[in-house]
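> Listed below, chain by chain, are the residues.
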Amino acid sequence: MQFFLEVLIGGLLSGVMYALVALGYVLIYKASGVFNFAQGAMVFFAALTTAGLVDSGLSLWLALPLTMVAMVMLGLLTEKIVLRPLVAQHEITLFMATIGLTFFVEGLAQAIWGANVRSLELGIEDVPLEWLLENANMAISQFDLIASGIAAVLVTLLAIFFSKTKIGRALRAVADDHQAALSIGIPLQHIWGIVWAVAGFVALVAGLLWGARNGVQFALTFVALKALPVLILGGFTSVPGAIVGGLIIGASEKLAEVYIGPHVGGGIEGWFPYVLALLFLLVRPEGLFGERIIRRI
Amino acid sequence: MLYREAGQFKATYAEDSQIFPIRQDKIGIALILAVAFVGAPLLSVAGMLSDYTFTAILTPFLIFSLAALGLNILTGYAGQLSLGTAAFMAVGAFASYNFMLRIDGMPILMAFILGGLCAAAVGIVFGLPSLRIRGFYLAAATLATQFFIVWCLTKVGWFTNYSSSGVITAQKIEILGYTFDTAFSKYLFVLSVVTVMALLAKNMVRTNIGRSWMAIRDMDMAAEVIGFRPMQTKLMAFAVSSFYCGVAGALFAYAYLGTVEPEGFNLDLSFRILFMIIIGGVGSILGSFLGAAFIVLLPIGLNMFMHFLEGSVGINLPSGISSSFELMVFGALIIFFLIVEPHGLARLWQIGKEKLRLWPFPH
Amino acid sequence: MSEGRQIGEVILDLKNISLRFGGVKALTDISFDVREHEIRAIIGPNGAGKSSMLNVINGVYRPQEGDIIFRGKHHRDMDTYEAAKAGIARTFQNIALFKGMTVLDNIMTGRNLKMKSNFLLDAIYWGPAQREEIEHRKKVEEIIDFLEIQHIRKTPVGRLPYGLQKRVELGRALAAEPSILLLDEPMAGMNVEEKQDMCRFILDVNDQLGTTIVLIEHDMGVVMDISDRVVVLDYGKKIADGTPDEVRANQDVIDAYLGVAH
Numbered sequence: 001m002q003f004f005l006e007v008l009i010g011g012l013l014s015g016v017m018y019a020l021v022a023l024g025y026v027l028i029y030k031a032s033g034v035f036n037f038a039q040g041a042m043v044f045f046a047a048l049t050t051a052g053l054v055d056s057g058l059s060l061w062l063a064l065p066l067t068m069v070a071m072v073m074l075g076l077l078t079e080k081i082v083l084r085p086l087v088a089q090h091e092i093t094l095f096m097a098t099i100g101l102t103f104f105v106e107g108l109a110q111a112i113w114g115a116n117v118r119s120l121e122l123g124i125e126d127v128p129l130e131w132l133l134e135n136a137n138m139a140i141s142q143f144d145l146i147a148s149g150i151a152a153v154l155v156t157l158l159a160i161f162f163s164k165t166k167i168g169r170a171l172r173a174v175a176d177d178h179q180a181a182l183s184i185g186i187p188l189q190h191i192w193g194i195v196w197a198v199a200g201f202v203a204l205v206a207g208l209l210w211g212a213r214n215g216v217q218f219a220l221t222f223v224a225l226k227a228l229p230v231l232i233l234g235g236f237t238s239v240p241g242a243i244v245g246g247l248i249i250g251a252s253e254k255l256a257e258v259y260i261g262p263h264v265g266g267g268i269e270g271w272f273p274y275v276l277a278l279l280f281l282l283v284r285p286e287g288l289f290g291e292r293i294i295r296r297i
Numbered sequence: 298m299l300y301r302e303a304g305q306f307k308a309t310y311a312e313d314s315q316i317f318p319i320r321q322d323k324i325g326i327a328l329i330l331a332v333a334f335v336g337a338p339l340l341s342v343a344g345m346l347s348d349y350t351f352t353a354i355l356t357p358f359l360i361f362s363l364a365a366l367g368l369n370i371l372t373g374y375a376g377q378l379s380l381g382t383a384a385f386m387a388v389g390a391f392a393s394y395n396f397m398l399r400i401d402g403m404p405i406l407m408a409f410i411l412g413g414l415c416a417a418a419v420g421i422v423f424g425l426p427s428l429r430i431r432g433f434y435l436a437a438a439t440l441a442t443q444f445f446i447v448w449c450l451t452k453v454g455w456f457t458n459y460s461s462s463g464v465i466t467a468q469k470i471e472i473l474g475y476t477f478d479t480a481f482s483k484y485l486f487v488l489s490v491v492t493v494m495a496l497l498a499k500n501m502v503r504t505n506i507g508r509s510w511m512a513i514r515d516m517d518m519a520a521e522v523i524g525f526r527p528m529q530t531k532l533m534a535f536a537v538s539s540f541y542c543g544v545a546g547a548l549f550a551y552a553y554l555g556t557v558e559p560e561g562f563n564l565d566l567s568f569r570i571l572f573m574i575i576i577g578g579v580g581s582i583l584g585s586f587l588g589a590a591f592i593v594l595l596p597i598g599l600n601m602f603m604h605f606l607e608g609s610v611g612i613n614l615p616s617g618i619s620s621s622f623e624l625m626v627f628g629a630l631i632i633f634f635l636i637v638e639p640h641g642l643a644r645l646w647q648i649g650k651e652k653l654r655l656w657p658f659p660h
Numbered sequence: 661m662s663e664g665r666q667i668g669e670v671i672l673d674l675k676n677i678s679l680r681f682g683g684v685k686a687l688t689d690i691s692f693d694v695r696e697h698e699i700r701a702i703i704g705p706n707g708a709g710k711s712s713m714l715n716v717i718n719g720v721y722r723p724q725e726g727d728i729i730f731r732g733k734h735h736r737d738m739d740t741y742e743a744a745k746a747g748i749a750r751t752f753q754n755i756a757l758f759k760g761m762t763v764l765d766n767i768m769t770g771r772n773l774k775m776k777s778n779f780l781l782d783a784i785y786w787g788p789a790q791r792e793e794i795e796h797r798k799k800v801e802e803i804i805d806f807l808e809i810q811h812i813r814k815t816p817v818g819r820l821p822y823g824l825q826k827r828v829e830l831g832r833a834l835a836a837e838p839s840i841l842l843l844d845e846p847m848a849g850m851n852v853e854e855k856q857d858m859c860r861f862i863l864d865v866n867d868q869l870g871t872t873i874v875l876i877e878h879d880m881g882v883v884m885d886i887s888d889r890v891v892v893l894d895y896g897k898k899i900a901d902g903t904p905d906e907v908r909a910n911q912d913v914i915d916a917y918l919g920v921a922h
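Residue numbers (the working numbering), protein chains in the order written: chain C, 1 to 297; chain H, 298 to 660; chain A, 661 to 922.
One chain only, chain C, in its complex shape (with noise of 0.2 Å):
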């Protein structure tokens, strides 16, 4: 039994994080229709900005900011010379767009830091938390704990801001419909600014936590890419949506490896989110939380 919450234990705090990626997807959707299948180069980017500052001799409280404004700026590019020549199209159509500025930040990632894995220092220790383990005897990771702990508070911030300031509400404005929101006076660009600023904030703490855990490579892409599984399940349009959908994929996939994996030769983690979100789709093809969708004919 205790093995058994200690699996789920550590499976729904990986969730959490994964929800934190699944954020800034979904932050980006919101407001602008758009899947930014980039999302997680960008993840990938920021660790590896950051780390690459630290080995440079910059401490990571200087790295951070620095960071953070190359995010920004990737993501005020990208809506400048990506998405709004694109406006009109497909969402097909963009969504191949940011396929292609996945590569093209993953390469730009490599070409200026190298092709090297780099660690990253949070000061926080992957090991078990000294109470837990004597107490319960459960050995649960204190990093685990506290990474989540910072994605909950932000995803927490995050939640608030949406639903309760002035720019969260003209943000789900935006979301809803462009037109409307620029007749009422609500400034398009600055509003996508904002979005892609956040979310660029999000792909930073998200890299930081998963660089510090799992050491910054290109691996790091394959667990933004998970946030897909996340998405589907959470809708792709909806805050506690990802927070539940990431909760979901964390523990099932953990406790997939634990208990099914031995019985089929281990490394089930690599797809069983995938065929989890594939067979929920054949359920509900808009997702738990998505917008039912109704085409006319």
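No lab work stands behind these hints: they were computed from the structure. All of these numbers come straight from a predicted model, not from anything done at the bench. Check the hints yourself; a few may be wrong.
As the list claims (entries may be wrong) - In silico EDC-like cross-links for lysine to aspartate or glutamate, where the CA-CA straight-line distance does not exceed 20 Å:
1) H:K307 with A:E669
2) A:K759 with H:D517
3) A:K798 with A:E837
4) H:K499 with A:E792
5) A:K814 with H:E651
6) A:K733 with A:E669
7) H:K323 with H:E302
8) A:K798 with H:D313
9) H:K323 with H:E312
10) A:K799 with H:D313
11) A:K814 with H:D401
12) A:K814 with H:E302
13) H:K499 with H:D313
14) A:K814 with H:D313
15) H:K307 with A:D805
16) C:K80 with H:E638
17) H:K307 with A:D857
18) H:K307 with A:E801
19) A:K759 with H:D322
20) A:K745 with H:D517
21) H:K452 with C:E269
22) H:K452 with C:E91
23) A:K814 with H:D322
24) A:K814 with H:D515
25) H:K307 with A:D867
26) A:K799 with H:E312
27) A:K759 with H:D515
28) A:K675 with A:D689
29) A:K897 with A:E669
Said to hold, decoys possible - Partner residues are not named here, just some residues of chain H that face chain A (Cβ under 8 Å, in silico):
30) A311
31) E312
32) N500
33) T504
34) R514
35) I523
36) M528
37) Q529
38) M533
We treat Cβ as the ideally placed atom computed from N, Cα and C, and that holds for glycine.
Chain C is already provided as a structure; the job is to place chains H and A on it using the hints.
Okay, now just chains H and A, sitting in the frame of chain C:
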């Protein structure tokens, strides 16, 4: 002026529905085929074309064209976005390998066909979700296909004949006692297979089956009202597309690399083939070839450019940077094409032909 | 109205059709019939349920209650494929052409149910598939001649002006050689000349091919001119049913929306 169709009349419907109705086009394709089938081997025998041209350029170009054709049938003509192309290639490769391995006296062409059929069967199974899911949800679902199949081929030892490294070595290509083991004999083999399959594909897209795919792609509700059956049409697209990718995968193993492992058919390869059809032109047979040529030649061109930079301007670039640059250029080109010419090189080619009709007059 | 046609027996009988979407009642207890070779119009204010009615007839929507009897067979649970096979073709309010294909290909798709080739024969092409393609091409060319769209047969449909697109859509429906043709606002958005052309085509189809036509139209002049009988819907209910003159004089109809003839 060169390209005028004036004077070329079509007196029957048969004439009107030819693949190359314009005489200049007919001459053009005849020339290309002559160079491909006869000219290149002659040059090779005369020592003017190195093996490298075949192994690094022509053969992979043909094989990728075939895979791009497969993906184009599914995504370009039938409108089902798929990120699992490499997985179907893997099925074709490993199935052919197992047929050759375990059945004595299996003819190689039959093994390829059977491998393609296995890929088609897998395609139908993994295409079932397309009946409920559409757009990029479907793309995300095809990721499940990609990851699961590669995992399967890795974990289930039977597929790789229990090889400890997971790598299989493809058997030799032997037809009627003749072994295709030189670079240019393999090239001729691949050329023949690809030519035949491209012709079959062209025939399919201009007849009822092709129209059914395009109808489902453009407006599936209206297609249903006319009497097209979405399920049969979509699954047929998956089946035919996967067959093509499966044969391409088998050729990939047998006539190009020689040794393959499941990991070699990864997501990166799927993306590459998707890029080929985006750049070449979705929904176009010609586009599949143009896109494949572009993607095959690009790294080579890039390499030459980097060497030129290093040599002439004296910049010393760190090693490994060319692969990063390759990624950047790919990505930038995709975005460029989607913005400037979403229908790809095939459309640019058509526009070029339109201009040729008027040349040298401006309008 | 076209003279010299024989209006036949009842070919389509709709009994007590009720259609609901959640809490919204689109159609309530609608009954009317359509006779062979006639031109039947369905009119009514916006939102009256006319398109829904057509959708029920060709199987896009299944009514919760009621029955559809087509040529003597009960078709309550018919889906679109069965409707197409039974000989019901239609056009749509917002053109539903296949934008990626040419005019010729679009109309060829209408021949789909009459084609027998499978994909293997198609792939080989030379032989049975080519013969079948040419045979159907001949029929499609007859329709192209009839609709006077020869000059645009190889043009991608997306590039055509609205009026021509509607004509192509009519061609696609005709290609199926239907017994009943359902036309959903075939003249919407057209100018006077285009409307006259379209009227002429519809009358010719009815006259020369004997096709029964059920049409939704807002232009009262057209409706009164060409229809044999009219059904009037309002808020999902039938409020009148009869010849154009009878309907024109019906007080309920006048109250509902007839004001000025266009």
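> For every hint, state whether the structure bears it out.
Going through the hints against the structure:
| no. | hint | verdict |
| --- | --- | --- |
| 1 | H:K307 with A:E669 | violated (46 Å) |
| 2 | A:K759 with H:D517 | holds (12 Å) |
| 3 | A:K798 with A:E837 | holds (14 Å) |
| 4 | H:K499 with A:E792 | holds (17 Å) |
| 5 | A:K814 with H:E651 | holds (15 Å) |
| 6 | A:K733 with A:E669 | holds (14 Å) |
| 7 | H:K323 with H:E302 | holds (12 Å) |
| 8 | A:K798 with H:D313 | holds (12 Å) |
| 9 | H:K323 with H:E312 | holds (13 Å) |
| 10 | A:K799 with H:D313 | holds (15 Å) |
| 11 | A:K814 with H:D401 | violated (52 Å) |
| 12 | A:K814 with H:E302 | holds (15 Å) |
| 13 | H:K499 with H:D313 | holds (15 Å) |
| 14 | A:K814 with H:D313 | holds (11 Å) |
| 15 | H:K307 with A:D805 | holds (17 Å) |
| 16 | C:K80 with H:E638 | holds (18 Å) |
| 17 | H:K307 with A:D857 | violated (30 Å) |
| 18 | H:K307 with A:E801 | holds (15 Å) |
| 19 | A:K759 with H:D322 | violated (26 Å) |
| 20 | A:K745 with H:D517 | holds (17 Å) |
| 21 | H:K452 with C:E269 | holds (13 Å) |
| 22 | H:K452 with C:E91 | violated (37 Å) |
| 23 | A:K814 with H:D322 | holds (18 Å) |
| 24 | A:K814 with H:D515 | holds (18 Å) |
| 25 | H:K307 with A:D867 | violated (33 Å) |
| 26 | A:K799 with H:E312 | holds (17 Å) |
| 27 | A:K759 with H:D515 | holds (6 Å) |
| 28 | A:K675 with A:D689 | holds (8 Å) |
| 29 | A:K897 with A:E669 | violated (25 Å) |
| 30 | A311 | holds (6 Å) |
| 31 | E312 | violated (10 Å) |
| 32 | N500 | holds (4 Å) |
| 33 | T504 | holds (4 Å) |
| 34 | R514 | holds (7 Å) |
| 35 | I523 | holds (6 Å) |
| 36 | M528 | violated (10 Å) |
| 37 | Q529 | violated (10 Å) |
| 38 | M533 | holds (6 Å) |
The structure is inconsistent with the numbered hints 1, 11, 17, 19, 22, 25, 29, 31, 36 and 37, although it conforms to all the rest.
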